Amino acid sequence: MTKRTVYRIPPCPIWDLEATESWLGDLAEQGLHLKRMHSLLDFAAFQAGLAQPTRYRLTADSRRGGLTNGPQPDPEAVQLAQALGWQYVDRCGGLEIWRTDDPAAPELNTDPALQALTLARMNRQTLGQMAGYLVQLLLNSLFFFGSALFWVQGGPILILAALGLWAGLPILLGLAVLWADCGLRLWGLARQRRKLAHGRELDHKKNWRIGKNRWWVWRGTSAVLTFAMLASILWLQLGSEAAYTRPLEESAFPLMPAPLAEELGAEPKLRPEYNTNRMTSHSDPLFTYREANQWAYLRTAQGTITLDWDITYIRTATPWLSHQAATALRHARRFGAFSRAEVQTVSGLAADEAFTWDNGFSTVLLLRRGREVARVQLFSHYADDTADALPLDVWAPLLAERLSG
Amino acid sequence: MPKQPLVLLTETMFYVLMAFTQGPMCGADAAAFIHQRTGGRVPIGPATLYTILGKFEKEQYITQVEMEGRKRTYAITAKGRAAYEAELARLRQCVADAEGGTTP
Numbered sequence: 001m002t003k004r005t006v007y008r009i010p011p012c013p014i015w016d017l018e019a020t021e022s023w024l025g026d027l028a029e030q031g032l033h034l035k036r037m038h039s040l041l042d043f044a045a046f047q048a049g050l051a052q053p054t055r056y057r058l059t060a061d062s063r064r065g066g067l068t069n070g071p072q073p074d075p076e077a078v079q080l081a082q083a084l085g086w087q088y089v090d091r092c093g094g095l096e097i098w099r100t101d102d103p104a105a106p107e108l109n110t111d112p113a114l115q116a117l118t119l120a121r122m123n124r125q126t127l128g129q130m131a132g133y134l135v136q137l138l139l140n141s142l143f144f145f146g147s148a149l150f151w152v153q154g155g156p157i158l159i160l161a162a163l164g165l166w167a168g169l170p171i172l173l174g175l176a177v178l179w180a181d182c183g184l185r186l187w188g189l190a191r192q193r194r195k196l197a198h199g200r201e202l203d204h205k206k207n208w209r210i211g212k213n214r215w216w217v218w219r220g221t222s223a224v225l226t227f228a229m230l231a232s233i234l235w236l237q238l239g240s241e242a243a244y245t246r247p248l249e250e251s252a253f254p255l256m257p258a259p260l261a262e263e264l265g266a267e268p269k270l271r272p273e274y275n276t277n278r279m280t281s282h283s284d285p286l287f288t289y290r291e292a293n294q295w296a297y298l299r300t301a302q303g304t305i306t307l308d309w310d311i312t313y314i315r316t317a318t319p320w321l322s323h324q325a326a327t328a329l330r331h332a333r334r335f336g337a338f339s340r341a342e343v344q345t346v347s348g349l350a351a352d353e354a355f356t357w358d359n360g361f362s363t364v365l366l367l368r369r370g371r372e373v374a375r376v377q378l379f380s381h382y383a384d385d386t387a388d389a390l391p392l393d394v395w396a397p398l399l400a401e402r403l404s405g
Numbered sequence: 001m002p003k004q005p006l007v008l009l010t011e012t013m014f015y016v017l018m019a020f021t022q023g024p025m026c027g028a029d030a031a032a033f034i035h036q037r038t039g040g041r042v043p044i045g046p047a048t049l050y051t052i053l054g055k056f057e058k059e060q061y062i063t064q065v066e067m068e069g070r071k072r073t074y075a076i077t078a079k080g081r082a083a084y085e086a087e088l089a090r091l092r093q094c095v096a097d098a099e100g101g102t103t104p
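Chains as they are written, first to last, in the working numbering: chain E, 1 to 405; chain L, 1 to 104.
Derived from the structure by calculation, the hints contain no laboratory data. Keep in mind that the hints are not guaranteed to be accurate.
Said to hold, decoys possible - In silico DSBU-like cross-links for lysine-lysine, where the CA-CA straight-line distance does not exceed 30 angstroms:
1. E:K195 - L:K55
2. L:K71 - E:K212
3. E:K35 - L:K71
Computed from a prediction, not measured in an experiment: that's the story for all the values here.
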């Protein structure tokens, strides 16, 4: 007898119990007997042998303790199956596959109402999986983009806007595919469950050829999109690793001290223990820049001004996305007590949008020009005075000029 | 949807519970008993039997009294016996209703 292994791509989803059982039975009559079913890579391995009428049946996972019991089904389930003429073959997609070539063996499931209950358990698992994908996306967002953008109101929108179309789209599409896959499974299981709940048995001889092409097209599309999503995540991670810190003087983006010092004829002095740049550049349309809690001194004729600033700078793929980013940042007024601070429009600046508000500690300026958005929070004061040393109309035009659009 | 306790026994469940009223036994013995008692009229598959055993154990209708390798032996509990008696009474009433009589 030959021991050759033959591989086949399933023509139907594993959760379509009727089609899968029918397909496996048909292949057994051609001499192909299932050895393994891989859900992740989506193929089945068969052992070529004698053509033999064989019944295949799928049941919901029998492990009572869940995954903690290991990959094998509950020993009692195997013992009962063997006692009644059935053999365990493999597990795939939350289902166990059993077979028998004994025509006298009773059906694996003889009570449709009870079988419907076991499928309901699979439904709950699928819903859990959908929630898991969402949590994973949130954790990834948090991991890749840091907490600063994520936790503010509108943060996730801001992240997507900052990502632009290049990396955000595959991630969103990939997630949509994973969700759609779960949705299809829920729909398919619900259809079979309804049938069973009405006391009807599943059709073990269903024509699995119907819908075969549609299923393959869907699997191909979802595989490509899932791959694109994983590639995007990897690319973003590599981009994050490439983020670097460098001295303020070398920064390409405008920093507060240099233009202000020039404007005021002052001498800037940085506080190196505080001043670091963090610049993350994934590609041209994906550029984020952040300076948080930066400190510097400006020595002027009137005295030394202490500057404390915080910049969030985003360059997006399109002006529309930068508008979304600006809107999200405008709504991301943190510090609860000041979240109702009145937002005022600033006119006369070289920008498409310009807003300002007081967050209780300092003045915030939000600028958008073309694809660029900058949110700057500046606190400036003389040593003996906590009032703003530099009014907005001094530093806002300087900042607006630095945005190229 | 929240899990609900058993309200009504299906025919198969009733027969499985009936098997355990005969004394402690394993699942395969219960299947053999049902086959013999019904003359094969009520088929019971291994997956169905396994699901019922799990459900009955959870509902405390039966309890595991012995484990020998992969084979588990169960015994009916007082709660299980009460459920069986209640279902039996309900079925008797059904038959009586059908025959136009009163409660037996």
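Against the structure, the hints come out as follows:
Distance check on the hinted pair: K195 of chain E and K55 of chain L sit about 22 angstroms apart at the alpha-carbon level, within 30 angstroms; holds. A hinted pair counts as satisfied when its Cα atoms are at most 30 angstroms apart, and K71 of chain L with K212 of chain E does not qualify at roughly 41 angstroms. Taking the CA atoms of K35 of chain E and K71 of chain L, the gap is about 26 angstroms. The hint holds against a cut of 30 angstroms.
In the structure shown, a violation is registered for the earlier hint numbered 2 alone.
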